[in-house]
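Listed here are the chains, written in short residue letters.
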Amino acid sequence: MINIILLGFLAVVAIAVAMMRDLFAIVMLFGIYSLLTAGIFVSLDAVDVAFTEAAVGAGISTILILSTLALTSREEKQPTHSFLLPLLVVLVTGATLVYGTLDMPAFSDPEAPVHQHVAPHYLNQAEQETGVPNIVTAVLASYRSYDTMGEVTVIFTAGIAVLLLLSAFRHHEDEASNLNDLSHHPVLRYIARLMIPFILLFALYVQFHGDYGPGGGFQAGVIFAAGFILYGLVVGIDKTRQMFSESKLHWLMASGLLLYIGVGIVSLLLGGEFLNYNVFAADPLKGQHWGIFLVELGVGITVTATMISVFLAFSEVRRSE
Amino acid sequence: MSTFIDLYNYWIFIFLMMVGFYIVISQGNLVKKIIGLNIFQTAVFLLYISMGKVKGGTAPIIMAGDVSYSNPLPHVLILTAIVVGVATTALAMALIIRIRKAYGTIEEQDIHEQDASL
Amino acid sequence: MISSHLPVLQVVLPLIAAPLCLLLRRSSLLWILSFAASLAAMIIAWLLLQQAGSSGVISYTIGGWAAPWGIEYRIDTLNAYVLLIVTSISTVVLLAAKKSIEQEIPQQHWPMFYSSYLLCLTGLLGITATGDAFNVFVFLEISSLSSYALISLGRDRRALTASYQYLVMGTIGATFILIGIGLLYMLTGTLNMHDLAQRLPAVAQSKTLLSAFAFLFVGISLKLALFPLHLWLPNAYTYSPSIVSAFLAGTATKVAVYVLLRFIFTVFGADYAFSVLPLTEILMLLAVAAIMFASISAIYQSNIKRLFAYSSVAQLGYIILGIGFLSVSGLTATLLHLFNHALMKAALFMALACVLYRQGDVMFSNVKGLGKTMPWTFMAIVLGGLSLVGVPLTVGFISKWYLVVAAIEQGHFVLVAIILFGSLLALVYVWRLVEQGYFHNSEEDHPRQEAPLSLLIPTWMLVLANIYLGIDTSLTIGAAEQAAQMLLGQAGGGSP
Numbered sequence: 181m182i183n184i185i186l187l188g189f190l191a192v193v194a195i196a197v198a199m200m201r202d203l204f205a206i207v208m209l210f211g212i213y214s215l216l217t218a219g220i221f222v223s224l225d226a227v228d229v230a231f232t233e234a235a236v237g238a239g240i241s242t243i244l245i246l247s248t249l250a251l252t253s254r255e256e257k258q259p260t261h262s263f264l265l266p267l268l269v270v271l272v273t274g275a276t277l278v279y280g281t282l283d284m285p286a287f288s289d290p291e292a293p294v295h296q297h298v299a300p301h302y303l304n305q306a307e308q309e310t311g312v313p314n315i316v317t318a319v320l321a322s323y324r325s326y327d328t329m330g331e332v333t334v335i336f337t338a339g340i341a342v343l344l345l346l347s348a349f350r351h352h353e354d355e356a357s358n359l360n361d362l363s364h365h366p367v368l369r370y371i372a373r374l375m376i377p378f379i380l381l382f383a384l385y386v387q388f389h390g391d392y393g394p395g396g397g398f399q400a401g402v403i404f405a406a407g408f409i410l411y412g413l414v415v416g417i418d419k420t421r422q423m424f425s426e427s428k429l430h431w432l433m434a435s436g437l438l439l440y441i442g443v444g445i446v447s448l449l450l451g452g453e454f455l456n457y458n459v460f461a462a463d464p465l466k467g468q469h470w471g472i473f474l475v476e477l478g479v480g481i482t483v484t485a486t487m488i489s490v491f492l493a494f495s496e497v498r499r500s501e
Numbered sequence: 004m005s006t007f008i009d010l011y012n013y014w015i016f017i018f019l020m021m022v023g024f025y026i027v028i029s030q031g032n033l034v035k036k037i038i039g040l041n042i043f044q045t046a047v048f049l050l051y052i053s054m055g056k057v058k059g060g061t062a063p064i065i066m067a068g069d070v071s072y073s074n075p076l077p078h079v080l081i082l083t084a085i086v087v088g089v090a091t092t093a094l095a096m097a098l099i100i101r102i103r104k105a106y107g108t109i110e111e112q113d114i115h116e117q118d119a120s121l
Numbered sequence: 199m200i201s202s203h204l205p206v207l208q209v210v211l212p213l214i215a216a217p218l219c220l221l222l223r224r225s226s227l228l229w230i231l232s233f234a235a236s237l238a239a240m241i242i243a244w245l246l247l248q249q250a251g252s253s254g255v256i257s258y259t260i261g262g263w264a265a266p267w268g269i270e271y272r273i274d275t276l277n278a279y280v281l282l283i284v285t286s287i288s289t290v291v292l293l294a295a296k297k298s299i300e301q302e303i304p305q306q307h308w309p310m311f312y313s314s315y316l317l318c319l320t321g322l323l324g325i326t327a328t329g330d331a332f333n334v335f336v337f338l339e340i341s342s343l344s345s346y347a348l349i350s351l352g353r354d355r356r357a358l359t360a361s362y363q364y365l366v367m368g369t370i371g372a373t374f375i376l377i378g379i380g381l382l383y384m385l386t387g388t389l390n391m392h393d394l395a396q397r398l399p400a401v402a403q404s405k406t407l408l409s410a411f412a413f414l415f416v417g418i419s420l421k422l423a424l425f426p427l428h429l430w431l432p433n434a435y436t437y438s439p440s441i442v443s444a445f446l447a448g449t450a451t452k453v454a455v456y457v458l459l460r461f462i463f464t465v466f467g468a469d470y471a472f473s474v475l476p477l478t479e480i481l482m483l484l485a486v487a488a489i490m491f492a493s494i495s496a497i498y499q500s501n502i503k504r505l506f507a508y509s510s511v512a513q514l515g516y517i518i519l520g521i522g523f524l525s526v527s528g529l530t531a532t533l534l535h536l537f538n539h540a541l542m543k544a545a546l547f548m549a550l551a552c553v554l555y556r557q558g559d560v561m562f563s564n565v566k567g568l569g570k571t572m573p574w575t576f577m578a579i580v581l582g583g584l585s586l587v588g589v590p591l592t593v594g595f596i597s598k599w600y601l602v603v604a605a606i607e608q609g610h611f612v613l614v615a616i617i618l619f620g621s622l623l624a625l626v627y628v629w630r631l632v633e634q635g636y637f638h639n640s641e642e643d644h645p646r647q648e649a650p651l652s653l654l655i656p657t658w659m660l661v662l663a664n665i666y667l668g669i670d671t672s673l674t675i676g677a678a679e680q681a682a683q684m685l686l687g688q689a690g691g692g693s694p
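Line order of the protein sequences matches chains B, C and A.
Residue 181 is where the first sequence starts when you use our numbering, and the numbers rise one by one after that.
Residue 4 is where the second sequence starts when you use our numbering, and the numbers rise one by one after that.
Residue 199 is where the third sequence starts when you use our numbering, and the numbers rise one by one after that.
A couple of the hints might just be wrong.
Unchecked claim - Pairs of lysine-lysine, DSBU-like flavour, derived with a Cα cap of 30 Å:
no.: 1; chain 1: A; residue 1: 570; chain 2: B; residue 2: 428
no.: 2; chain 1: A; residue 1: 405; chain 2: C; residue 2: 58
no.: 3; chain 1: A; residue 1: 297; chain 2: C; residue 2: 104
no.: 4; chain 1: B; residue 1: 428; chain 2: A; residue 2: 297
no.: 5; chain 1: B; residue 1: 419; chain 2: C; residue 2: 104
no.: 6; chain 1: B; residue 1: 428; chain 2: C; residue 2: 104
no.: 7; chain 1: A; residue 1: 570; chain 2: A; residue 2: 297
no.: 8; chain 1: B; residue 1: 257; chain 2: C; residue 2: 104
no.: 9; chain 1: A; residue 1: 570; chain 2: A; residue 2: 296
Since the hints were derived computationally from the structure, they do not count as laboratory data.
With the rest of the complex left out, here is chain B (with noise of 0.2 Å):
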């Protein structure tokens, strides 16, 4: 019954974003709105989506959304055409959808075709065939390893398409302007410094322990560039340019994603399937240890690095401005 409290939450806030003009506080909602939402998925018991849309639904979309507004501008412009049609569209599309749902088994009910087939598999083999009680990283890393390639790539991706687009703002190495960062602000400088080790300590704890509770490469990488994000902040965006070049960030995003690519052409070598896990070791159980050890770090690295990169973009711009 939380569920509905929450849910009432989000649907006041949703259409508080789409009635509002300021933009800063909308973004401010949307941040909001994602919180909620991981509210739900705890609720809901998937604790491992609530972790990732917290850090990344409402962390780094939200920064991300930030950063631009500030190099752009804040208000909304009153629209001025016509909302018939967008609300035609939506009606018709809305009704598709709840006549959707009128043949769909009812919530939560163990009856439901998505607990007959396939996930029982999961439940009642993974533990046994991967070595992983966490079945949702057994599936991730192991059972649906390729998709987990594919979203690398993904990030891997969206990283080249960012540095493409603002690296024409990448000329002004020599002026030595610190806008955006904590110089002025001694107490936080100071707690900032103290934060950051325990930051990446904690991200080594979430890499690593993917494999019992909540966690993995992709929330470990969020974190880990947190740490370094925030370290920016503190000293300045020369200093962590010094420290991460562009060629080291290109090098360590193609890394991950060719260490992940690498552990399925090894597995093809030694006679199996690409990223069959289960030939690395006479154990097939210690050769899934290491196969969903080494994916996870290559999404770690790969997320660490691309992060990083798409954060330095996005301060280069506003130096430049």
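Guided by the hints, dock chains C and A onto chain B, whose structure is given.
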């Protein structure tokens, strides 16, 4: 009435999807469109995750004892979809920054006017 | 040993090359690596088509997990044929890419350009090869994100807005597809297409299934640029770099058509899809609207890339029309035109790359007197245009012929008239070009200045393919007919 109890979750998700979708297709501000897209997608994620819920179930991390678990597969799919969503948002924001530099505005209307006057 | 891994190598080889592009420092190596990856993919696609032709369906379980628990690659004649289209176009386009990119893209962007190109290729191949519905979504997004990046690299600032518009419409399409896949999963508990096909008949009466079908149809139609959801396409093709236009025009929408065919015929089954909705009428109506509206729009364009972009929307109409007949000759026409249209449009956009290379733009004023100053390039445009019209001895004639036969078989004489009228409209816009090129002289007296051979040779390879495959039709018709029969055989209830 029982239909309502069984399905109201889905209907709220659909409502959220449609609010997001409406923002995307009715608004002229480029940033707001992307926020609408995110609201739309997040509501779809809710639909997926709610399919996986089992009455009395817990998170699918195997423990000792006789426990019923929720379905892990939708969780895995949505983890991927969330990442795809943020990747799209990042790319869209970079595009918007470039559009602002090129046109001096992020309103669809103004951009059309500038292009039409060429 | 290698031959059993071909299905996955088809996708993984170009994927490995993409991050490697970022690591290469020497720009000459970049092109060699990309070309080699694409060529290898083409050879693999060719081998897969042979294998699928002789042994039927090839199944490859990734990670060693049997379907439906793991992700399966499932290759039959249909997707092997589409894989061959995509890889051939990509390879020939890359052959020409070096010179064109040197001129249009700043050098600092080359590594990332080639990387995005390969990622886009990987995405398109992944969508085509997979037998898993959710995996389609993941690779769809790889190809989409990389194409947004590629389009935004155009020199005109409108490339940015074109890319943004495509991003918004493409993401709506992908989200619709995601909803459709979710509903299918909800009904069956599985994501594997083959498994879905076996489980869906049991829930054929479900309202949820109808809703799923509607969302998948609209979502795929957005990616396919099916009229009236085509709004992103003209701008995207017009303002992207020349090489990107040629690549996307030859591949992206073709893969979307494949996805539509796969879902209608393999997953839902033609019996369901054509009985639950008046799909024949819907497809025919949209196709006719696309042919008429887009062909007429094409006539009024002053930018030639935009002209051919509208012509693409019209040609997609012919491709969709063939599906509506639900007959072997109709589907054969669809599949033939998939290949043939890819050949025509790649040839035409490559010829435009040549024009842009010398003239700096591709407006009508730029082709004035081109028959004299760039005779080979202009001849390529004319021959490509004739193929578009459907003149005998070109590939365009073959696919239109099959389409007309399919229409006559079912007594749709109005459609025959519309197909012929569409060709007439195509003749009008091609004639406008011919007139400009041969009968008008440029105001300034340009000396004869042909495009460099490295651009001209790949363009002519495609032009000659348009003619060769229009005369010796055994290769394309053989595969297309086999795939069409397979699709309809499944419709009859049997599964492969």
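Here is what the structure says about each hint:
no., hint, result
1, 570(A) x 428(B), "51 Å, violated"
2, 405(A) x 58(C), "24 Å, holds"
3, 297(A) x 104(C), "29 Å, holds"
4, 428(B) x 297(A), "29 Å, holds"
5, 419(B) x 104(C), "27 Å, holds"
6, 428(B) x 104(C), "28 Å, holds"
7, 570(A) x 297(A), "23 Å, holds"
8, 257(B) x 104(C), "18 Å, holds"
9, 570(A) x 296(A), "26 Å, holds"
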